[in-house]
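Required output: the full structure, derived from the provided sequences and hints.
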Amino acid sequence: MGYANFLYMKGELSLVAIIVILFIYDIFGSKKSLQYYQPTACILLLIHTLINLLPGSETVAFGGMYHATPMGSIVKTILSIGTLLVFMQANSWLKSEQIIIRRGEFYLITLSTLLGMYFMISAGHFLMFFIGIEMASIPMATLIAYDKYRNTSAEAAAKYILSAVFASGLSLYGISLIYGTTGSLYFEEIPAGLNGSPMQIMAFVFFFVGLGFKLSLVPFHQWTPDVYEGAPTSVTAYLSVISKGAAAFVLMTILCKVFAPLVTEWRAILYGIIIVSITLANLFAIRQQNIKRFFAYSSISQAGYIMLGVISGSALGMTSLVYYVLVYMLSNLAAFGVIAAVERQSGKIMIDDYNGLYGTNPRLSVVMMLALFSLAGIPPFAGFFSKFFIFAAAAEQGYYVLVFIALLNTIISLYYYLRIVKAMFINKTETPIEHFQTDAYTRISLIACSAGILLLGIISAVYEHLNDFSFGM
Amino acid sequence: MEYTVLIFILPLLTFLALGLLGTKLKPNVSGSIGTTVLGICALLAYITAANYFSMPRVDGVRETIIPLHFEWLRFTENLKIELGILLDPISVMMLVVITTVSLMVHIYSLGYMHGERGFQRYYAFLSLFTFSMLGLVVATNIFQMYIFWELVGVSSYLLIGFYYTKPEAVAASKKAFIVTRFADLGFLLGILLLSYYTKTFSFELLTSGDSTLFSQAAGTTFMGCSVMSWAMALIFMGGAGKSAMFPLHIWLPDAMEGPTPVSALIHAATMVVAGVYLVARLFPVYYLETPEVLVLIAVVGAVTSLYAAIVACVQTDIKRVLAFSTISQIGFMMVALGVSGLEGHEGLGYMASMFHLFTHAMFKALLFLGAGAIIHAVHSNEMSHMGGLRKYLPVTHITFLVACLAISGIPPFSGFFSKDEILAATFAFSPVLGITMSFIAALTAFYMFRLYYNIFWGEESSHEHTPHEAPKSMTLPLVFLAVVTVFAGFIPFGHFVSSNGEAYTIHLNWTVAISSVIVAVIAIAAATALYKKKSPVPDRMAAALPKLHHAAYRRFYMDELYLFITKRIIFNHISRPIAWFDRHIIDGSLNGLANVTQRVAYAIRGIQSGQVQQYVYVILLSTVVIAALVLWFL
Amino acid sequence: MNILSLFVLIPVLTLGGLLLCGNTRQIRSVVATGASLLLALAIGVVIAFLNERAAGNTAEMLFRSDVMWYKPLNIHYSVGVDGISVAMLLLSAVIVFTGTFASWKMPFQQKEYFMWFYLLSVGVFGFFISIDLFTMFMFYEVALIPMYLLIGVWGSGKKEYSAMKLTLMLMGGSALLLVSILGIYFHSAGEGAPLSMNILEIAQNSSMPVELQRWFFPLTFIGFGVLGALFPFHTWSPDGHASAPTAVSMLHAGVLMKLGGYGCFRVAIFLMPEAAKELSWIFIILTGISVVYGAYSAIVQTDLKYINAYSSVSHCGLVLFAILMLNQTAMTGAVLQMLSHGLMTALFFALIGMIYGRTHTRDIREMGGLMKVIPFLGTCYVIAGLASLGLPGLSGFVAEMSVFVGAFQETDTFHRVFTIIACTSIVITAVYILRVVGKLLYGGIVNEHHLELTDAVWYERFSVIVLIIAIAGIGLAPLWLSNLIQNSLIPVLNQLNF
Amino acid sequence: MEIHMEYYLVVSTIMFFAGIYGFITRRNLLAILISIELILNSVDMNFVVFNRYLFPEQLEGLFFTLFAIGISACETAVAIAIIINIYRNIRNIQAKNLNQLKD
Amino acid sequence: MNSAPQEAVFYILSAAIVIFSVMTVTTRRILRSATYLLFVLFATAGLYFQLNYSFLGAVQLVIYAGGIIILYVFSILLTTTDKDKVARLKNSKILAGVLTVLAGAALCVFITITHNFGPTRYVGDEVPMKVIGTALMGTEKYQYLLPFEAISLLLLACIIGGIIIARKR
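Chains as they are written, first to last, in the working numbering: chain D, 560 to 1032; chain A, 18 to 651; chain X, 3 to 500; chain H, 449 to 551; chain P, 305 to 473.
These are calculated hints, taken from the structure and not from any lab test. Among these hints, one or two may not hold up.
One-sided and incomplete, this derived list gives chain H residues near chain A with beta-carbon spacing under 10 Å [unchecked claim]: (1) Ile451; (2) Tyr455; (3) Thr473; (4) Ala543; (5) Lys544.
Predicted model, so just to flag it, every value in this text is computed and none were measured. Using N, Cα and C, we set each Cβ at its ideal position, and we do this for glycine too.
The following block contains the structure:
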């Protein structure tokens, strides 16, 4: 066996390869050749996505340290697609004067965080999981601080890294107690040692904080709005979908695989957290004026919905969760694509600034509207389907009251999503954002997102494909 | 006798044609179309009557014929609405009455409505009314009757509101519709109850005297009365509404806002007797199943009759006087039905009621048309603007006098015969009632002659231009109806119409007849004394009993009561509070919910302080709390 | 291609066609074509349906088509129609058709307007042809959202408030609905058998325990009831209708509110008959209140649209009331009332829109004597009013009588009392209808400017006349329709008598 | 065995919560960072002790500690870089000045 | 590890850890805080030695004490201004912090003490370097090549990120 173990890690290896290629290109590429940097990065990532498109089979390598499931592989593909979209949307920002000198590193760091998520997803051992989660969050802080002469960017990064480290400290504490009570850090060995003693429960709660933080579930969410607002828009987009999606999937795998004996406890915890997350985030979102901050709260409440899939702990739940993540990713990226384009063009990021956008930029408005409707769960857009399935997964386990509460919250969420629709389509203003042309990359990404939003629900193949590989407790 | 269907189809087609073509037709074209068609209808009706009454009796009973019927709507296996034509003595009689009066009114209107805006519309509505009324009388089942009952109500509404720019007319039409609609609610509930227990709508079955039909309802009581009594009383309520029985009569005086020929047709001769017709139609049911309701009908009829007669004595608007007179006369008919029996000579009241219906239709139409001619001449409804008109309007004067004599019950005019039968029937039932009705008959004579003298005698009031006799088209119907009024009393009515279909020979009850004639003559004499010449006596009488006079003049405040109920209670005390409740409580609670959500959203903003240490503190605190909670509760 | 799928496909194609349109002429020709095709299709389906039935096809649903959609949840795209859905399809087609002509002239953004309008109709038609709970629910929601923009952008008055209120309340209803759909789905089959979303299969299995039905029946009923203007969840209706543009009011009151009644019937009662029997009393009280309450509220309103909206509350209350009587006659009446109310309320809103377009006010205190200046519209308004107050010969009478006769078949005092209460609405209806007609059309001209108003133009006349013909058609010859409906009720009645 | 394993655990717990206390009360960003080191350090100690006392057959705890030390070094490095960046921007590293972003 | 000196060493180190930990977070001078942290780290390393994990102790000394603390000290010197120490929290906030922390600590300590970890199997042997090395470079179970590679990438990313943020341009 030996080093041949590495060959099982196709996804990670190709990603590392991209990182290395880009690293070398960035260092040694001449100034002139560097203008092809962006397309190169995108194409490489596209190739990476394509070669890893087929889910492969379940693999265990490194004595259980690495545990790849087909579902995990699908999630990785989804994440890399999302990253690709973010890259495309980030292009015009990266070309701006202050950032262009740091452009290469943006790709490197982003891909490293993606790699961290890959590790997280395929971890079979708490150490790998821990390294993965840190790898996904520590370099992220530098991305958040990327507009480093902007105070808010730096402030957001500081808030992020401090909260992240604190959360990972608590999480580590939990892991240590798990280790102390079960005697192993291997995922497949832990369940045997779990007996529901108070210490283990406490350990679990502490451990949960780390992922709760990444998912920005209430009450571990407070960094989210500040960071989303302060970070560069493309990074916010990345943060809100990729990192969250990975964490959601990992949480579900770990809860189902590792903490299955504590199912009563974690279901109870999640039950409360879902309600609080969705409700509180919605209440906060209602009165936001800054659109990025608004989307931060929206993403918190979306995370609450995602947890409905986790709480079910069933195969249906996992399918729905991954599907939800996929749809959520496309919708959110569509919205952030528009926000980023508008911000680049006019520097405006307030909801009121979007008044009358339809009059001047009908296409962008329509994309935004699709995204918002999808997020709100309006048919025939994909968001409706993903919401339905995730509710179905929770209802299957008898969580009707929870589903009901979540549904009541969709009313509030519809209210605030409609606020933006209203701003764009109904409100009138003297000074609308002027008509402008987005760059080709953004346009392609927005078209891709819109197509996904329109088609993913109607074409059932994606969901069925996911369902073939999902597993539950 | 399938051709009878034409009697209905033709007016309907006329309505559609005139309604759709509207102003595209010249007024006199549409008028002549309507009149011609109605002439044909009347002819057909006479033929029908002739054919029907010439048919031999079966077992001594006039047959009930249903020449046509088809299913229109099915509710359940048994309960289905059929539309069809039912011919029996009373429906044939009604066909004749309606087509005759309607034809007269059509002809009359050619002159009366000449040059009015909406002439075409007027004829369309008249056709619609005729159609509906005919449909009503030939209904084979109670639901068909209800259908046409409603249609009649609407045509009446449309015709009362014909002068739609006149606020009084609009208000009157509204009032008429709503009051009768309210009564119809009772009718509907009655139908529903009746049909629920009997499982049928059909008149044939209901009136067959088969008591097993009603066995299901036996023993079911509600508030002390049997459910059948309720049903039949409610049905009577419908009839009372249409026939303007007290206290549902309030719409009828106001309905005089409509064109006068309409009043003659609808509010004197035909529609208002629909209630009488309804009771007559269901008479076997009333008599056999719920005799107590018949008593109620008699009482209501008597009270109405008395009330209306008193009020009629003090009204000054000639159409109002006639309207109250109509109410009073319908009361007579109701009383007659109420006191009637079913078999043989017991059924005198029934026959008398129908007879009176027939004669009344003729002379009351005559009175109204006469009044129309007068109004046409002086352009006013008020008695004070009239007086001494006999010189100017000779034809009208004579015909009007004939009608007055008829209604007062002076032989040999038709009213004498029919009213006499009614009085005989009431005396047979209860002398007290008989005396009351005689008194009312006297009042009738009094107020009719008060009216007559005030119009045609007395002092002339000044006119803008000299009144002149109406055109031929108007006087012709007057003459025709006067002739009928003079001779109709000699029709052997019992031979055609009777309570059980067997032949009934009328015998004058001489005691009653003579006494009633004497009473009528005295009343007429009194009226002559008071009103033939300008006399201070009436004013003094009014001054002597100011309250009574005023109350009677104001129709005993029934309209105020109506206004009180509608404006005060329904509008201000039900609808407004409900609307307020809807806006403020229900809507308010929703808006409140939204506001609370907003408030909360603002209230909790402090949680997001911007301080990273506070964020971390929350993480820590919640971790500890979650752990503690889970450990504590699980 | 299944014939029913065309009901979804045609509006979608119309949408696509609109997308390519450049000028008003093209837009109008596209929507006119689409609307006519839909109407023709609906009539065709009705005829085909009657033929099939006459030929002895006794299947519960005809023109079935079934495509597996989401296999993991056993969700199908499954369509089929019985007599009731056919009737509703016809109604929808008529109203879409007339609505299209009623909005022949739009002040701005006509293309977008029609796109939303046709998206709305996709939802409506899809809902009526669906027999799969999921697709049914999906189409239901598809129909809800376009309302927001249609009212918000093209509406009048406090349109934003109304649009938001309407959308949120209806979404609230659909939240309840989604829970109950999931509940029904997860109890749709016995232990071990595959779950199903198909209404027919669920009804056949009828494996839902009564204890659960007790929970999910009220949820479903209220969920659909919100759309059916069930008291006290009706308040979106007055504001929403008042603010919506003409054709949207027509479609909304005419068809969308019927989704509520249809859903209550097709889902709540059909699938949970035991609970329906047990709990119907609660909703009989609520709907009984709706009927009278709406009517009384309408009496004091001064805005034409508010009057009509409250009248809709009353009439739709009667629909639900009749459904809850759980017998054949009343349910037939309910469906007839849906059709009748749909048509006449559409007529009302069309006329109100046309009057508003001329007078620029909807306050009856500011208008009067309009019959003289706009006789066509005035006459049609009277006809609509008469239909509304249940004049025989127009559709309202047939429907109301079926409801009342049906309701009277329930003998216990409770039902009797509420039936009588509901019956009183016929008087109150007369009061407010005549009040409006009196103030609006009769009497003298209140505003001198109104003397210069012009009567309806061709497209207005056209849409109004089509509606009146439909109303009179039902009113004059109701038997075929009522038979069609009655036969389709048999499966439900079998469920109820288990 | 006089030294119970629990003694170590109590010590590490105290260190852990001392770190937390520091984190939520210190005003200087660097001081906050220092508190974090305490937290991480205490966790490391837990791993080691568990490894030594309970599961001596394998070296899982030891290696976890080893990697955790490395990771905490990364964290520190990045965090300090960010703090220095903040210092450059606002000439100050007080936590309370990180208040531009809030509701 | 039965001998008294062992115990004495443990108690001294424990005391040092507890005291210096508390002092680290309570002293108002940041540089002192860093110094106390250094002491805590030293003491922790001492405990590792005492537990016969010499390699770990050494790593602790080199990386933490040697590397990180130096980093801290430099950055403190780079960023500290005089007015920093004036800032004080409100008492209420401190009280809330203290209470929460005490509650948490009480909970944790209580659970730790009451938890039955099962029989301890103290094996006092030093872990041979070779075992550590093989485990670090192996690919089997209980061997850690993959995390080793992963953390190297993490370090790379952090270095790049750190440089990007901290450098002047």
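Verify the interface restraint on isoleucine 451 of chain H: the C-beta must sit less than 10 Å from at least one C-beta of chain A.
Because about 28 Å separates isoleucine 451 of chain H from the closest Cβ in chain A, which is outside the 10 Å limit, the hint is violated.
So, threonine 473 of chain H near chain A? Judge it on the closest CB pair being under 10 Å.
holds (8 Å)
Interface hint for tyrosine 455 of chain H, Cβ within 10 Å of any Cβ on chain A:
Cβ of tyrosine 455 of chain H sits 23 Å from chain A, so the hint is violated.
Restraint: alanine 543 of chain H near chain A, CB-CB cut 10 Å. Satisfied or not?
holds (6 Å)
Restraint outcome when lysine 544 of chain H is required to lie within 10 Å of chain A by C-beta distance:
holds (7 Å)
This entry does not satisfy hints 1 and 2, going by the numbered hints stated previously.
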